[in-house]
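Peer 1: Here is what each chain is made of, one letter per residue.
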Amino acid sequence: MVQMTLNGLRVEVEEGMTILEAARFYGINIPTLCYHEGLSPYGACRLCLVEIGPSGQSKLVSSCTHRVEEGLVVRTHSERVVKRRKMLIELYLATCPQSRVIQDLASKYHVTRVRFTPRYEDCILCGLCVRMCAEQMQGKAIGFAHRGSNRKVATPFDVKSEECRLCGGCMYICPACQSRCQGPQEEEPLCNACLNLDQPCLNYFDDNMCFMDPCVACELGAGREAKAKSRDGRL
Amino acid sequence: MSNKLPDVEEILEGAVKKHGLAVVPLLQEIQEHFRYLPEEVLRKLSQKTGIPLIEIYHAATFYNSLYLTPRAKHQINICTGTTCHIRGSGKLIEEVFQVLGIGPGETTSDGNFTLETVNCLGCCAVAPAMVVDGKYYGNLTPGDVREILNKIMEKAAVEE
Numbered sequence: 000m001v002q003m004t005l006n007g008l009r010v011e012v013e014e015g016m017t018i019l020e021a022a023r024f025y026g027i028n029i030p031t032l033c034y035h036e037g038l039s040p041y042g043a044c045r046l047c048l049v050e051i052g053p054s055g056q057s058k059l060v061s062s063c064t065h066r067v068e069e070g071l072v073v074r075t076h077s078e079r080v081v082k083r084r085k086m087l088i089e090l091y092l093a094t095c096p097q098s099r100v101i102q103d104l105a106s107k108y109h110v111t112r113v114r115f116t117p118r119y120e121d122c123i124l125c126g127l128c129v130r131m132c133a134e135q136m137q138g139k140a141i142g143f144a145h146r147g148s149n150r151k152v153a154t155p156f157d158v159k160s161e162e163c164r165l166c167g168g169c170m171y172i173c174p175a176c177q178s179r180c181q182g183p184q185e186e187e188p189l190c191n192a193c194l195n196l197d198q199p200c201l202n203y204f205d206d207n208m209c210f211m212d213p214c215v216a217c218e219l220g221a222g223r224e225a226k227a228k229s230r231d232g233r234l
Numbered sequence: 000m001s002n003k004l005p006d007v008e009e010i011l012e013g014a015v016k017k018h019g020l021a022v023v024p025l026l027q028e029i030q031e032h033f034r035y036l037p038e039e040v041l042r043k044l045s046q047k048t049g050i051p052l053i054e055i056y057h058a059a060t061f062y063n064s065l066y067l068t069p070r071a072k073h074q075i076n077i078c079t080g081t082t083c084h085i086r087g088s089g090k091l092i093e094e095v096f097q098v099l100g101i102g103p104g105e106t107t108s109d110g111n112f113t114l115e116t117v118n119c120l121g122c123c124a125v126a127p128a129m130v131v132d133g134k135y136y137g138n139l140t141p142g143d144v145r146e147i148l149n150k151i152m153e154k155a156a157v158e159e
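So the protein lines, in turn, are chains A and B.
One point on numbering: in numbering that gives the first Met the number 0, the residue at position 212 of the first sequence is 211, and numbering is uninterrupted.
One point on numbering: in numbering that gives the first Met the number 0, the residue at position 17 of the second sequence is 16, and numbering is uninterrupted.
Bound-form chain A, shown alone:
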């Protein structure tokens, strides 16, 4: 067992676990896009990033690929992390606004604007289908081809693969293929029909104060804390 600090709590976790697994074990929900329990971690979407190390020299790492260590200090919902996460979701929204998974993420994490031109890409290159095909289906029919901005998921030589058994695992797991619900704002790049409340605690504290889902935006409490903070500031 390894001792570590998770959002200020001293916890014991099993050696060899990733930070994401440890956090989920203790009931802290870190959003992910390219992660799946049954597949090897890939660290591509960066949504699961967390802050590690003592404050002042902390760094952001992807929690799905970072293993726990003795004495590790992890903050999963610090102001810095939440800000970056929102930015990432905004970028994903611009890449693939027709995806229900991404729209849901935007609503859940209170992303209310998209400052980039929507691209309506078919693929976000999360690699879930490639790993699904190779690791769960033992198919290895699809994979990445080309590189840089031309990178895409393809079959060998862009023809129907002999290895493919048409199992449909790739479509099942694809977050970009799930089209969004046919709401009134369907044409807009951002739906926000299921918008969660914005967490007010980050305005007053460095970290999230609770992990209620959906957020109840403790308006009364937040106001009180604000008063307390300004009073402390005077003292």
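The set of hints was computed from the structure by calculation and includes no laboratory data.
One thing to keep in mind: the hints can contain errors.
Claimed, not checked - Once the Cα atoms are required to be at most 27 Å apart in a straight line, the calculated DSSO-like pairs of lysine-lysine come out as: (1) B/Lys43 to A/Lys151; (2) B/Lys16 to A/Lys139; (3) B/Lys43 to A/Lys139; (4) B/Lys17 to A/Lys139; (5) B/Lys47 to A/Lys139.
Go by the hints and put chain B onto chain A.
Peer 2: Frame of chain A; chain B shown alone:
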């Protein structure tokens, strides 16, 4: 070099013996024999070694120096890096167009020459530079380019 077509099985056998299951060296070896990576050969390589075909395809499409389409007999690479550009590599490209009628990325209709530009050949001291079939030429003038190309064409004509 004989004109006999290389035997696929023999080449694969030798390559696998030499490089094991390292995909990129295998592909480089295959490309040395065929001047590009033919689809059937890659399929055979996958069957022989058990490397998934998609991994081979991934590597083959990832690297700029691996080709999946047939290449010309003679490969001309003209450097367009900063130094070469300043010292007139544009004129060399024009000269190649004058002699062979091909621009960057194009192949002559007889399949003898392919012209490609590269971003740096790493020999800025002898700019402007050009590589023809792996041989480096430096301090070039358009006249030199014409001479080199004519020599290659003459040699090819004699061989035929």
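Peer 1: Against this structure, judge whether each hint is valid.
Peer 2: Going through the hints against the structure:
| no. | hint | verdict |
| --- | --- | --- |
| 1 | B/Lys43 to A/Lys151 | 24 Å, holds |
| 2 | B/Lys16 to A/Lys139 | 25 Å, holds |
| 3 | B/Lys43 to A/Lys139 | 16 Å, holds |
| 4 | B/Lys17 to A/Lys139 | 26 Å, holds |
| 5 | B/Lys47 to A/Lys139 | 16 Å, holds |
Consistency note: the structure conflicts with none of the earlier hints.
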